[in-house]
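Undergrad: Please build the complete structure, drawing on both the sequences and the hints.
The numbering of the sequence shown is my numbering, which starts it at 44 and goes up by one.
To be clear, the hints were calculated from the coordinates, so they are not data collected in a lab.
Among the clues, some could well be false.
Stated by the list, open to error - Just the calculated beta-carbon pair ranges, DEER-fashion:
#1 L94 to I132: 16 to 26 Å
#2 E106 to P152: 13 to 23 Å
#3 T55 to L167: 46 to 56 Å
#4 A77 to S52: 20 to 30 Å
Glycine included, every Cβ here is placed at the ideal spot set by N, Cα and C.
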Amino acid sequence: MSWVTSMSSEITQLMFDVDGQVLNYAHGPVRPVAMTWPGPGNTGQVRLQFLPPKEGFSGFTKEGPWAFFHVLDLAGITPTSNPTIFNIIIKIQGRYVEFELQASSAINPFQLKDLQSFRCLQNL
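TA: Written out as structure tokens, the structure reads:
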């Protein structure tokens, strides 16, 4: 699913846990990590942690069946010329990490206009 392409120099290490599939990264060679959502952990949880913490804050956790998509809502998603590849930038307190996400197909939920504009009714 993704690998780190860039990270703030102030971050010495990051941990990205997608439903039990963990990507640990410290500045070094880029290595792809295959991930799926939902994952094998059956936790319904996505965690991102930057080290060292900045002002006592180091990351976030999202929970539930839409947790991965809530993380994408927080991120900046940029499509590339390849319809299966997206650049994702997550910023926390002035620090950032950039991932490259590769979907298994050009038909994927990461840039569907219908999904992006969907809203639940406020009242019935």
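Undergrad: Hint by hint, say whether it matches the structure.
TA: Status of each hint after checking the structure:
The supplied range of 16 to 26 Å is met by L94 and I132, whose beta-carbon atoms lie about 19 Å from each other. Hint check: E106 to P152, Cβ distance near 19 Å, so the stated range 13 to 23 Å holds. At about 50 Å, the CB distance of T55 to L167 agrees with the hint of 46 to 56 Å. At roughly 28 Å, the beta-carbon separation of A77 and S52 lies within the given 20 to 30 Å, and the hint holds.
Checked against the numbered hints above, the structure breaks none of them.
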